[in-house]
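Take the sequences, apply the hints, and build the full model.
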Amino acid sequence: MGDDATARLTLRLGGMHCAGCAATIQKALRRAPGVVEANVNFAAAEADVRFRPAETGPESLADVVRQAGYQASAVADDAAAEATAAQDQADAEAVAARRRLVVAWAFTAPMVLLMAAHMLLDLIPHGRAMLLYEAAMTVLAVPVLAWAGGAAWRSALRSARRAAPNMDVLIVLGSAAAWLTGPLHLAGLAGASFAGVAAMIMAFHLTGRHLEARARGRAGQAIRALLELGARTARVLRDGRETDVPVADLAVGDLMLVRPGEKIPTDGVVEDGRSTVDESMVTGESRPVAKAAGDEVIGATVNQSGALRVRATKIGAETFLSQVVQLVRQAQAGKTPAQDLADRVTLWLVPAVLALSAATLVVWLAAPEAVAAVADRVRPYVPWIPASQEIGRLSSALYAAVAVLVIACPCAMGLATPTAVMVATGRGASRGLLFRNAAALETLGRVRLAVFDKTGTLTVGRPSVTDLVPVPGVGEDELLAVAAGVEALSEHPLAAAVVEAARRSEVAPLTVRDVQAVPGRGVTADDDQGHTVRVGRADLTTDAGIDAGPVAQAARAAQSDGRTVMIVSRGQRLLGLLAVADALKPGAAEAVAELRRLGVEAAMITGDNRPTAEAIARQAGIAQVTADVLPHQKADAIRHLQQTRRGPVAMVGDGINDAPALAAADVGVALGTGTDVAIESADVTLVRGDLDALVAAVRLSRAASRVIRQNLAWAFGYNLVALPLAVLGLLHPVVAEIAMAVSSLTVVGNSLRLRRR
Numbered sequence: 011m012g013d014d015a016t017a018r019l020t021l022r023l024g025g026m027h028c029a030g031c032a033a034t035i036q037k038a039l040r041r042a043p044g045v046v047e048a049n050v051n052f053a054a055a056e057a058d059v060r061f062r063p064a065e066t067g068p069e070s071l072a073d074v075v076r077q078a079g080y081q082a083s084a085v086a087d088d089a090a091a092e093a094t095a096a097q098d099q100a101d102a103e104a105v106a107a108r109r110r111l112v113v114a115w116a117f118t119a120p121m122v123l124l125m126a127a128h129m130l131l132d133l134i135p136h137g138r139a140m141l142l143y144e145a146a147m148t149v150l151a152v153p154v155l156a157w158a159g160g161a162a163w164r165s166a167l168r169s170a171r172r173a174a175p176n177m178d179v180l181i182v183l184g185s186a187a188a189w190l191t192g193p194l195h196l197a198g199l200a201g202a203s204f205a206g207v208a209a210m211i212m213a214f215h216l217t218g219r220h221l222e223a224r225a226r227g228r229a230g231q232a233i234r235a236l237l238e239l240g241a242r243t244a245r246v247l248r249d250g251r252e253t254d255v256p257v258a259d260l261a262v263g264d265l266m267l268v269r270p271g272e273k274i275p276t277d278g279v280v281e282d283g284r285s286t287v288d289e290s291m292v293t294g295e296s297r298p299v300a301k302a303a304g305d306e307v308i309g310a311t312v313n314q315s316g317a318l319r320v321r322a323t324k325i326g327a328e329t330f331l332s333q334v335v336q337l338v339r340q341a342q343a344g345k346t347p348a349q350d351l352a353d354r355v356t357l358w359l360v361p362a363v364l365a366l367s368a369a370t371l372v373v374w375l376a377a378p379e380a381v382a383a384v385a386d387r388v389r390p391y392v393p394w395i396p397a398s399q400e401i402g403r404l405s406s407a408l409y410a411a412v413a414v415l416v417i418a419c420p421c422a423m424g425l426a427t428p429t430a431v432m433v434a435t436g437r438g439a440s441r442g443l444l445f446r447n448a449a450a451l452e453t454l455g456r457v458r459l460a461v462f463d464k465t466g467t468l469t470v471g472r473p474s475v476t477d478l479v480p481v482p483g484v485g486e487d488e489l490l491a492v493a494a495g496v497e498a499l500s501e502h503p504l505a506a507a508v509v510e511a512a513r514r515s516e517v518a519p520l521t522v523r524d525v526q527a528v529p530g531r532g533v534t535a536d537d538d539q540g541h542t543v544r545v546g547r548a549d550l551t552t553d554a555g556i557d558a559g560p561v562a563q564a565a566r567a568a569q570s571d572g573r574t575v576m577i578v579s580r581g582q583r584l585l586g587l588l589a590v591a592d593a594l595k596p597g598a599a600e601a602v603a604e605l606r607r608l609g610v611e612a613a614m615i616t617g618d619n620r621p622t623a624e625a626i627a628r629q630a631g632i633a634q635v636t637a638d639v640l641p642h643q644k645a646d647a648i649r650h651l652q653q654t655r656r657g658p659v660a661m662v663g664d665g666i667n668d669a670p671a672l673a674a675a676d677v678g679v680a681l682g683t684g685t686d687v688a689i690e691s692a693d694v695t696l697v698r699g700d701l702d703a704l705v706a707a708v709r710l711s712r713a714a715s716r717v718i719r720q721n722l723a724w725a726f727g728y729n730l731v732a733l734p735l736a737v738l739g740l741l742h743p744v745v746a747e748i749a750m751a752v753s754s755l756t757v758v759g760n761s762l763r764l765r766r767r
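Going by the working numbering, the letters in the sequence shown line up with residues 11 to 767, in that order.
One thing to keep in mind: the hints can contain errors.
Here are the simulated distance ranges between beta carbons [what the hints assert, rightly or not]:
(1) Pro-347 - Val-112: 39 to 45 Å
(2) Arg-18 - Leu-190: 44 to 50 Å
(3) Asp-305 - Asp-259: 21 to 27 Å
(4) Leu-375 - Gln-99: 41 to 47 Å
(5) Asp-305 - Arg-456: 35 to 41 Å
(6) Arg-321 - Thr-286: 17 to 23 Å
(7) Leu-375 - Gly-759: 37 to 43 Å
(8) Pro-560 - Thr-16: 57 to 63 Å
(9) Thr-521 - Pro-560: 23 to 29 Å
(10) Arg-763 - Arg-269: 38 to 44 Å
Rather than coming from a laboratory, the hints here were simulated on the basis of the structure.
All of these numbers come straight from a predicted model, not from anything done at the bench.
Glycine is no exception: its CB is placed at the ideal position from the N, C-alpha and C atoms.
Here you go:
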């Protein structure tokens, strides 16, 4: 591995209390030696780090986080083990949060009753009784701030020492300032006592944190739900005996026995038996899929009607389910441009609010009449907001300054994008729509042109030979034998059709050697007499000096009907042609029409000949066709469309030839039924391989983008409106704290709506 090589690491984080904490960790990681890129996801409590192994390692990076005052551990390679560890950590933090919440309200509830009795019923008289009332409020607030709020104090002190104040600094300063008015008032200093308000601020803050954590947990349920699909044990045949073993103990090659109603333990191939399998939980396909000997099956899917013997082919991290989980994790760890903006604002919001609170205190002390005059002008427009009472200059100044401290909400901005991304990618995974990163989720919704490959994308991808046209003196069996001999070693769907036709006709393929693919044109080989055999486009034959005129008319007729023509020659002798037809996928035309209704135009790029391509395009309802292109020309065509069209361009394909174009497009969409190379090159994978899944992916992307915009508008708008009102003394500090908590819950709740998409 060279010095410039990079690796990726996911760290599970603990101890974060707000988006400011996430920004602090991210800043520390990005400054660490050897780190190329680092992104921290507050909602997922994870950090995605790309680093140079020659300069640093996982434990060093975890130490960077610990030195910043937080917990960190490397995410386990075993997805199930990692999910268990993450769940244990989340459960422990939830229990601690609930304990703090209960203690806080155990002391705050009596204070609320006392305050209500005093303000609403006037049951507490003035004089000595009033003094006892103020003392009780001051004393009862101590355990709320000191014990229940202890974690907030520790977090605030750590961030203050690092000169990177977080949300807890605002809460601690606000509640501490409010509480100090209690002892000062008891000591005889002028001003009102806000000690009870201090306890309420902390209690509502802890309530908001508890509810927010629960809501965030719901947003992150997608991965846990996926992992829970897996089987726990497998029944295997070893040494002639049936044995139940944990799935973790399976080995590649194990023969698994799966009865009706049982989950298939891991990915494999059916060796014996016939059944139908419910794959809806991992592919989104609602209809059971028939399985027989030779068919692949996916771990965690449910065998329905018959017993199967399945040979395990993948285990652990290599299984389909584990790869899906990893892809969802990767997507949730990424960031959209909108989130980068929110993170930059969050990083500066807490220092800005501290400065604003200090300025508010000074202005209220220096010119209370001027500030009150402005507040009086604003008050008629916000009659629902409780205004401050006449409590004196110092108390009014503290009242407004504390409200400014507790009203600011960086958490809402920090949660606006990641919660939406988490819910959307999780929802997509449950429907067989896999997004590689957050940027792909956002970009797909803005696509205005979708470019489709033909074979295997718009068409079924399982063509069959429809015509055999030998030249005079050549029999059909000879023509088919030569073509099948050359195509037998090719993986192209058209080659499989030729080989299958020879098998059905009981024709033995010609023995050939040195088979070579000519990209975009066909295949060549040598026979046992040293003759070059060619199967492919007409120019593959004519470039060798062979006249293809005798079959030209038959070729044009076949191509006009949408069939693909393969010219066959041996040495310098023309043998004839084969015509292969590939039917349009069911639902392809409807999907193209639905995309058009969504404002997404469709085009086709294919290496097939123009007449065949145009015939399929007409059936699909596509007007723009680019045909006869080589693989690298597909990528060039995509780049040309990007330069001439407005909006992002998506490429939809499934084959190796599509990989360059998938990578060149703004969003590459691969069908899950395609090759691994194509899927690896793509930003979005449609597991089912149906084009109606593309429509669903576009809709989900647009819904997620809409929710992100709504969340950011609320988060930014809330702070822009609430902070000036707090400065003017028009927000009670307790109401401000409640509003702050509600703003975070609103953002998370809005994101959770995506679970219904």
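Hint check:
Distance hint for Pro-347 and Val-112: a CB-CB separation of about 41 Å, consistent with the stated range 39 to 45 Å. Take Arg-18 and Leu-190: their Cβ atoms lie about 48 Å apart, and the range 44 to 50 Å holds. Checked against the given bound of 21 to 27 Å, the beta carbons of Asp-305 and Asp-259, roughly 25 Å apart, stay inside it. Range check, Leu-375 to Gln-99: Cβ separation about 46 Å, and the 41 to 47 Å hint holds.
Between Asp-305 and Arg-456 the beta carbon distance is about 38 Å. The supplied range of 35 to 41 Å therefore holds. Here the CB-CB span from Arg-321 to Thr-286 is close to 19 Å, well matched to the stated 17 to 23 Å. Between Leu-375 and Gly-759, the C-beta spacing of about 40 Å keeps the proposed range 37 to 43 Å intact. Checking the proposed 57 to 63 Å range against Pro-560 and Thr-16 shows it holds: the Cβ atoms sit about 58 Å from each other.
Range check, Thr-521 to Pro-560: about 26 Å between beta-carbon atoms, so the 23 to 29 Å window is met. Roughly 40 Å separates the CB atoms of Arg-763 and Arg-269, a value that falls within the hinted 38 to 44 Å.
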